[in-house]
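Colleague: In the order they appear, the protein sequences are chains A and B.
Oh and the first sequence: position 50 is 50 in our numbering, straight run, nothing missing.
Oh and the second sequence: position 151 is 151 in our numbering, straight run, nothing missing.
In short, the hints are calculated from the structure, not lab data.
This one's a predicted model, so the numbers in the text were calculated from it and none came from an experiment.
Some hints could be false.
Computed Cβ-Cβ distance ranges for the label pairs, DEER-style [stated by the list, open to error]:
1. A:285 - B:331: 57 to 65 Å
2. A:219 - B:331: 53 to 61 Å
3. B:331 - A:96: 34 to 42 Å
4. A:5 - B:97: 40 to 48 Å
5. B:97 - A:178: 49 to 57 Å
6. A:5 - B:242: 34 to 42 Å
7. A:5 - B:235: 26 to 34 Å
The calculated lysine to aspartate or glutamate pairs, modelled on EDC-like cross-linking and capped at a C-alpha distance of 16 Å, are [stated by the list, open to error]:
8. A:114 - A:181
9. A:6 - B:348
10. B:295 - A:41
11. B:295 - A:34
Each residue gets a CB set at the ideal place from its N, CA and C atoms; glycine is no exception.
As a plain string of letters, each chain reads:
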Amino acid sequence: MNSFFKRRYIIQGIFILVALVLLGKLFYIQVIDDRYKLSADNNVLRKLIIYPARGIILDRHEKVLVQNEPVYDLMVIPGQVSKMDTLEFCSLINMTKENFDKAFKKARNYSVYKASLFQKQLSATTYAAFQEKLFEYPGFFVQNRSVRYYPDSCAAQFLGYIGEVNDREIEKYDGFYSQGDYIGKTGIEKSYENLLRGQRGVRNIMVDVHNREQGSFFDGKYDTTAVSGDRLISSLDKKLQLFGEQLMKNKIGSVVAIEPATGEILASISSPSYDPNLMVGRQRGNNYMKFLENPYKPMFIRPIQAEYPPGSIFKVINALVAQQMGLITEDTYFNCPGGYRYGKRGFMGCTHVHGTINLEKSIEESCNTYYGNTYHRMIDQAGMRPVNAYTRWRNAVMKFGIGTELGIDLPAERDGLIPTADYYTKIFHNDKWTSSFNISLSIGQGELGITPLQMANVMAIVANRGYFYKPHLIKAIGEKKIIKKEYTQKNYAGIDQKYFEPVVEGMSNVVNSPSGTAYFSKISDIEICGKTGTVQNPHGKDHSVFVAFAPRNNPKIAIAVVVENAGFGATWSAPIASLMIEEYLRDSITRPQYYIDRILKTNLLPEIKKPILKPVVKKDSSNKKTSLMVSATIAKIKENE
Amino acid sequence: MNNQNRSFFFNVDWLTIILFLCLLAIGWFNINAAVYNDDQPLFTLASNSGKQLIFIIVAIVVGIVILLLDSKFFYTFSPIFYGITILLLMAVLVVGRNVGGNQAWIPIGSFRLQPSEFAKWATSLLLARQLSTMNSKISDLKTVIPTLAILSFPVLLIILQPDAGSALVFTSLIFVLYREGLPTYYLIAGLMMVILFIFTLLYSKLFVIVALLILLSLLIYSFRKNQKIIVSFVIGFVLSTLFVFSVDFVYKNILKPHQKVRIDLILGIVKDPRGAGYNVNQSKIAIGSGGLTGKGYLQGTQTKFNFVPEQSTDFIFCTIGEEWGFVGSVVVVGLYLFLLLRIIFLAERQRSTFNRVYGYAVACIIFCHFFVNIAMTIGLMPVIGIPLPFISYGGSSLVSFTILLFILIKLDSTRMGVV
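Excised from the complex, chain B in its bound form (with noise of 0.2 Å):
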């Protein structure tokens, strides 16, 4: 026990630490930046960098009390915590407050609770201790049902919220499957899915399936010799032609209207000058304004004079990209990159499979926020409010990926015990 205790600083992965850290000064400096005002003071507690900084302590507690557990504590905790997340996630729907369009908040005192934000990491340690059980073959359907259910049930109380935003981020974990074993041409079916879905609604289903049509003559053309996998590619065409022509049937026939306006808007189809195409517009312009080095600390005029809208929370990457500039951008994700393959090291490094996987889930959910988050200011994808990883203003969110995070580091400065 006494042998344990002196090697924690040493086992856990401080490198890993360094870098959330660097990640949280970002984020605190740049929450000040976008809430900054001439004429107020530098720095109060009720300002967003005020508040911010109180997050980010409780975050730091936070972290230190898991690495304080004992690491089994999460394996054999798992079902309770995702029990819980998913009561939470119940009781938003009740009991919540409705901010934006999205009854995702849990009022407790000034504070508000967003059960979605824990949902991540609940899930993702359940999902690992599914996985790490004897004899479980993802190919299977006795592993196959019960892990689609583990994931489906928080992701359907997401999107009654309706949060699509959270619920994508589930999506992500598709890797982790994969990783385990899930056979690649689902990870092939699921982007096809994916892409076939966007395409036709963006365009006509005629257009999607003639180019469908173009694809399959080249993959039969190059592969002549080939009869099996001809066989599967046309099998994979008939399919694929259901799947357009059912997305199409259900978006004109099935959704309602108010329905259709959301996807519509997600997909970029309608521009609501208001909406996402201002946004996105003036998100682009802060961004771009700042050209290779930004505008100095500050110095950003988009974001200080609120050109930029929810620039603290979702976009609060538009204050980096204007004030520090293509260098600033180049550190923020390169900052990110490095952590996410640090987080894939540590999780191969793991030797039980329920570290691994829920390493793996970790990266996948950190990789799909800060994909997604930049890509929308940037306009690669539609807007999808979900916020930057430990950059973000808001206290759930901070939490909530410091628990994520600091679970994995407990699990890994304890890898070399049995499990």
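Chain A extracted, bound-state conformation (with noise of 0.2 Å):
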């Protein structure tokens, strides 16, 4: 024992000491700090979700009009990225190495420890030659999942497309989606999103450093299965719809075929359209730019977001608006002195002089003078101060489903406009005026906005004789063909049955007697009850509509058809909805070829000084079904030059 015995203490005190040290931090890094259990965690566990089928969408007759195809999305762990071969990995997946590092940058700043997406979509060729050698990367791994794909290329604005979420519909809907996932952007796909997803499941699996599966965790206890979304009908009857769109090729509007007795959308046509397959896959930003670009706006979906003045089909409102009210019968007679003047200097002008006219013959030929005395009643000679006859009529009018949204099942679905009371009351600074200054209304001219919808589901309701269903393109959800309560309920317009007489005759007599305004569009056997209309259009051509329905008993088909700076409703319009008709009741069609081809071979598409952007062809070549349908609409846009 020698005199520096006392420094075994020192020593004996260091030694605790460190030990204290080390189990401090130890219980810091083990008991307190959670964040090693997540690193471990994602150092292990791989999330693979299990994306579910998105439903698919058939025609009425069960025919496929969106169906899936599987794609490979390869997915990234940065933390888990170590030393690799760049070059190597980029000729493999087809990426320049300046797009690999933005896309590594951007997963990076998103987490460094969850997976996100690196590259969307890798074609099945890419992914074999890619599976590989997946196991030198770690950190990269795939996951499986379908996109959607169209083998008709039809409806295209109607199905709308599928794309990635943003920030503002991951903030919507409130964690259900993450970034990278899909979800629907438009049309149908939108609005049934919900039944359309299906549930996604998850399957937990432990992979070691070298990322290879090491089996499922906790024997898959926390695994769900994926349940695939609910398959959709349509209304749409696929082979009507390729025919409207064929008929309807090269020119601007729209065609809406409703079933009267359901409110069933029979085809739905906006032209010019774009194929749903560019709006799949990797291309899909350019193409969509591209389509935003293109001056005849083939995303307009001009059926329910098109507003026009009805033109002369609006007579066919007013006449029945006007019996209801008992200010004319069908025997009310007008004198038709080839126009019809009002005010001090007003003068409207018709387009034949016609004499004394009733009720009938003014639909048959379409007289403004007719309708200008009839409004005149309406307005004028109700027994009321015109201001408030003119809130009563536009109260009536509106009953027909029109100046407000029908709610179709679709989203973005515009109003249309009857302008109220007040609104003239502004323009002429007092609320004392008369028909006289809007008598344009009476012929369905001015400040009137219908969409081609509207125009079809008023036809609809002249067939009911006073009733329609709203307006749906979906009939049945899933296998129990469950459909939206709102569908199955009546709506009425306020009309008497009776009032639908005389206006059905003069409708038939439009189409079916030599002096009709669309006895051309005459189809032998099927009486086709119709009203032609002409729209001013201030910008150009007027538009040419018109709607029908038929047969005139029990009628299958109500349709509006508007085609825009096409001139007359008799020209172009009426022949497109005969056809239609025929099309849709004989399942054939009877006229001769030439009567087709016109309409085929005719291009009404406005001239745009503007060069017309090419859409960008999938260079993906797994996929020779969309390249072909690529090239056709290259070459619709090339004949469009």
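Starting from two chains that each stand alone, build the complex the way the hints lay out.
Modeller: Written as structure tokens, this is what we have:
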């Protein structure tokens, strides 16, 4: 024992202190700090999201409109990526070094520990080649999912498209979606999103440091299976839809056909359209921009978004409303001297000098004078102040489902427009105005806005002699064939059945009488009741409008056709409507080929100075069908040029 | 003689042996967990755990042999052991196998001998013998120079391998010198040099000098009445400043790039995702994910799926931390602390200086390994590849630690005799 004996305590003290420091740090990282548990889970756990098959959409005869095709998304967990041969990697997945750096930076900014999408939709061939070498790149893995495929490329705007969720949508649906997920952006895809998307499943697997699968986590205790989205049965008739799209090629406009007995939309054509397959795949973004820049606006859903003054077809509504008000009867005669005089110097010209003319003839020959007088009675001679009479008239007219959205199962439907009395009072500066101030409403011109869907729906009302079902595109959901309740309820237009007969008779004559405006569109053995319209267009040639239903008794189809910049309703719209009706009712066309060719071969697109940009063709050889359809689209656009 | 034999088992410190066996058992079970694979049978001799079992048996046999030797043997033969070790350390530089940048192993058959492991007890023995000679006073130059020589020889040879970790272990012997009378300020000066060295490289020299100035003014202020101490503080400051400048100068102008990189890596200045940084990160994740009670034996995902490198050797503590949690950590750290305090207790009850010095050397070496290894796995120290005594996989390490400890147990068992 020497004099430094006490130093043993210092040394012991140091040993104890060091042990306590170690235990302190161990306590901190093992018990207090949770970060390491998360990192450990991220090291070994891969949550593989099993994307359910999105619900498919069929037409009314259960033919496929939209189905799914498998693709492979490349995912990355940046924290696990180690030194790798970037160049070889890039060449494997056909990516440039710059894009690689960009994508990697983006993923790292999102999260170092969570998986994020690195490159979406590898083709089957790329995936096959890449899969062999996947183990060389820890941190990368492939997730399988499917994309939409449209076998006949029809009804693009109505089916809509899906796209990656944006930040706003992630927030809106409160955590249901995460970055890289797909969501319906427009059309049926959007309005039936919560049915189509199905339920996602999760498979938890463990991987080792080399990213090799090591079996399932807790024997799959936390796994969930994916449930496919519901199958939707559309009311569309694919054959009729395709036929209509053909007819409307190289024209701007809409065709809407409704089954009056149910409100089911049989065909809905918005022209020009686009190939829905171009809104799928890697080139989607580029194509989308090209569609937006296209001066003919293929993304514009004309049947529900384009508003036109209805023109002469509005006479049908005025005839019915005036009868219901008791202001005219089928025997009411007016004299047509070739126009209608109103106010002090006002004159509204008519197509012909009709002389003395009754209700039925006024429809058949589309007499403006008759409706000038009728409107005058409704507004000025209704036993109340014209301002109030106008409001009463407006309410009656709006019962036909115009001036407010019909509630179709598509997003972004427009209301249309029937101006309020206040609107006119404002322009007139006081409320002492009379029918002379807005006499053009009598013949459907002026400040009116009606969508083609609303026009077709008016025809459904006439076909049903007084009521309609809300038009809709989906007639059955899933295996149980349920449908939304609002589409099974009758809506009455407030017109007694008896008042329809003279109007229907007049409409029948429009097509079937040699003196009718649309006699050219008559079909033997099918009694079409229709009404032509020509919409004044301040920007160019008038728009051609035709509405109809057929057959006269027990109608099966109500239709509205609008062709922009095409002149008279009888010239273009009526033949198109008549072909559509025959195609639907007979399943074949009896008219000679030249009759169809005249429509198919005519280009009614207004001239645009700017050159049209071509859509980018998907280079992926795996999808030859798409490429073919793309070339068809290019051919279409070339024709336009 | 007969009497001595009978008392043999009573004289051996069984507590130390039990602690030793506990650590061996913990080591084997965790090595088995680290190499465990669902696809393979639990046990084969080809696996690390199988080999470790052989090493354990060898170690126990070696331990028993040591206990059967005459205790004078170690005192007498310490220069021989030392000499052999030095020769082996030289030989390893010539014939050694280079593994992971270190030329530390001499291949013998299917096993590899690591001379630096044996240098630890051989040096300790000679150091003990040197300090136990009559009239040795650690403040005398006559004692200091041979002592330093005994320590420097193996350290220099090990640095040449280069194996900084093993060399570092020898610096822990400063506690032995301290216990034997090394003036306290050497301990403080040594500590200061380490701190200044690290800080100068981690931060700028200006920062370190400003920090020193602040420290100096605080010290002068608090000891303002004692002029003598102030003078020594000022001298200390000047020396420290000179040291900082020389470290900076040597680092920037004399060291070659690859040497700088090595220092940078040790100090964590350069983060190499595949190297030190990756290891420590994965090691912390493994230990941290263990939580309070751990994931259970063979349930550690991080170690089982090879996220932690070197998991049966230098990073064996990860398996313990992950599968046994904080409770396991406490048990292991507690066992080491208990063992260390027991060794100091044993050292202090020795009558001869030789035994005591040797006991302290054993404590210091085990302490240094224990501290550096665990501190490295939890990110308190840079990655320095030295094993965890008795637990880490490896024959040379296990056998040499056993020799180190059992020599002390043998010396202790005959402490009553005259040396």
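Colleague: Hint numbers the structure violates, sorted upward?
Modeller: 2, 3
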